[in-house]
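**Q** Here are the chains, one letter per residue:
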Amino acid sequence: MTNSNSISGRILCFAVMAAAVSSSVEAELVWSSKEARLEALAGELKPLQATYAFKNEGDDLVTIIAVKPSCGCTTTELEKLTYEPGESGEIRVDFEVGDRVGNQVKEVVIRTDSSRSPVTTLTLRVDIAKPIELTPKLLLWDVGEPREPKQITLTTAVGHRIEIPEIVLASDVARIHVEEIRDEAPLSVGQGTDVVSSEGRPPHELASAEKTASGGEVDVRLKPQRFVFTVSPPKDGKDHRLLVRVKLRPEGSQAESKVLKDERFLVRLLADDVAAENSGGG
Amino acid sequence: MNLRQGAFEAILICVVALAPAGISWILKGPMVEDHGASLDAGEVSVEEALSWRESVQWIDARPKERFAEDRAPGAIWLTPAAWDEQIFEVLNAVRPAQPMVVYCESLSCGTSREVADRLRIDLGGVVEVYVLHGGWHAWKRRQP
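The listed protein sequences correspond, in order, to chains A and B.
Under this note's numbering, the first residue of the first sequence carries the number 64, and numbering increases by one thereafter.
Under this note's numbering, the first residue of the second sequence carries the number 43, and numbering increases by one thereafter.
Hints are not guaranteed to be accurate.
As the list claims (entries may be wrong) - 27 Å max Cα-Cα, derived DSS-like pairs, lysine-lysine:
{"no.": "1", "chain 1": "A", "residue 1": "LYS324", "chain 2": "A", "residue 2": "LYS298"}
{"no.": "2", "chain 1": "A", "residue 1": "LYS324", "chain 2": "A", "residue 2": "LYS109"}
{"no.": "3", "chain 1": "A", "residue 1": "LYS193", "chain 2": "B", "residue 2": "LYS106"}
{"no.": "4", "chain 1": "B", "residue 1": "LYS106", "chain 2": "A", "residue 2": "LYS131"}
{"no.": "5", "chain 1": "A", "residue 1": "LYS109", "chain 2": "B", "residue 2": "LYS106"}
{"no.": "6", "chain 1": "A", "residue 1": "LYS131", "chain 2": "B", "residue 2": "LYS182"}
{"no.": "7", "chain 1": "A", "residue 1": "LYS118", "chain 2": "B", "residue 2": "LYS182"}
{"no.": "8", "chain 1": "B", "residue 1": "LYS106", "chain 2": "A", "residue 2": "LYS324"}
What the hints assert, rightly or not - Computed footprint of chain B on chain A, listed as stretches where at least three residues anywhere in the stretch have a Cβ under 8 Å from a Cβ of chain B:
{"no.": "9", "stretch": "190 to 200"}
{"no.": "10", "stretch": "326 to 333"}
Claimed, not checked - Residues of chain B placed beyond 12 Å of chain A at every Cβ, according to the derived structure:
{"no.": "11", "residue": "ASP82"}
{"no.": "12", "residue": "ALA83"}
{"no.": "13", "residue": "GLU85"}
{"no.": "14", "residue": "LEU92"}
{"no.": "15", "residue": "SER93"}
{"no.": "16", "residue": "ARG95"}
{"no.": "17", "residue": "TRP100"}
{"no.": "18", "residue": "ARG113"}
{"no.": "19", "residue": "GLY116"}
{"no.": "20", "residue": "ALA124"}
{"no.": "21", "residue": "LEU149"}
{"no.": "22", "residue": "THR153"}
{"no.": "23", "residue": "LYS182"}
{"no.": "24", "residue": "ARG184"}
{"no.": "25", "residue": "PRO186"}
Honestly, the hints are just simulated from the structure, not real lab data.
Glycine is no exception: its CB is placed at the ideal position from the N, C-alpha and C atoms.
Build the full structure now, drawing on both the sequences and the hints.
**A** Below, the structure written as C-alpha cells:
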C-alpha cells in the first residue's frame, strides 16, 4: 500500500512536471505570428518580404544558432543573433517569385540554444496570380494524324486588359487566326486577323475593336479577356517545329516601352513517314 | 524488492516517455521513406517507371546544382523558378506515347508535384505526366 502510494505520487509528480514543461515550451522566444501570407503577380522581379516578430520572454539570454529556409527561393535577414530577456527582434524573409505561380508554401526553421524552445518553424504562404495565361504551350500533330486546325487560348485576369500588337512566326508554313471571345460567343465585329508570316504584318487591334463594339452596355475593362488562336498547319506531311511569339501590351498603350513579356507556344508536326515524304517528290 | 520496484518505475517512465511518440506515429505515420506501398493519384513507382526503360522522359525538378551532380539518363532540368527559360526544351523533347516522369529529391519534397501539374497544363494532354514516388532517393536505391 505504501509502495503503491509512493509510485502514484511519483507518477503525479512526473505528470505535473511534464505539464509544466509543455506549458512553457514557448516561454522564451515568443513569436507574434509564425505564419505570413502574401500575394504577388507571376514574374514580379522585386522580392516579396515578410517579417516575423518575436520577444524573449524568458529569464535568460537566447541565441539563434541556425536559420534554415526550406527553399532556395527564400533568403533571411536577422539583425543580430543574441537577445536579452525582454528584448524584441524580428526576422525578415525575402521570397523570389521567379516564374512560380499558384499557392506556394515555404518554411523557415529557426534553431535556438534555448532548451525549452529550441526549434520554431515559420511558414510563408504566397498566392501568385498569373495575369496572362496561354494554354497549352504545345500544339502537336502526331505521325499520321490529320492536319486539321488546332487551338490555343490566351486568357487574362480581371484588371489586366491587353492588346496583341504582333504575332511573330519563325516561318510562314502555318497560318494563325486570332479571335477575341466574349461571353462564350465570338466577337461581333471583324473576322479576326490572320497571320501567315513573321515580318511586316499589320498590328492586331482586336481589343480596341471590341471596345468599339461594346456600345457602352458593359464595362469591358472589368472583364477578363479570352483570345483563341487557331493554327492551321501545313499539309505537306513533313516534320516542322515552329516557335510562335505573341507580343502583348496593355490595352490603350501605344508606347513600345509598355510592351509586356512575350507569350510563346510551340507548333510541332511529326513527319508522316519517309515514304510519304519521298512520294511528294515523285 | 527495491530492484523490482526500480525496474517497474523504469518501465513506467519509458512507457510515459514513449506515449507521445506513439501517438505521433499513429497520427502521422512513420518518418522513414515510403517504399512505394501506396501511390497517390498521378504517381508512379520507381519499379514501374524503370520497367518502361528508354520510353520515359525524365524531368528533374531538383535544384540545378543537384541536377549537375547526377541525374537520370536523358533527364531535362525543369523547376518552377526557371519555368519560362526551360519549358521549351521540354516541349521540344515531347514524343507521343512517351510518358514524362518528374522527380524531386525525396518523398517529402513537393516540387515534382507542382512541376507535373504545370506540365499537364502546358502540354495540353499530349503525353502522360507522372510524379515519381519517393523521388531521386527512390531512383538511386534501385541503381546497381
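**Q** Hints the structure violates: just list their numbers, smallest first.
**A** 1, 7, 20 and 22
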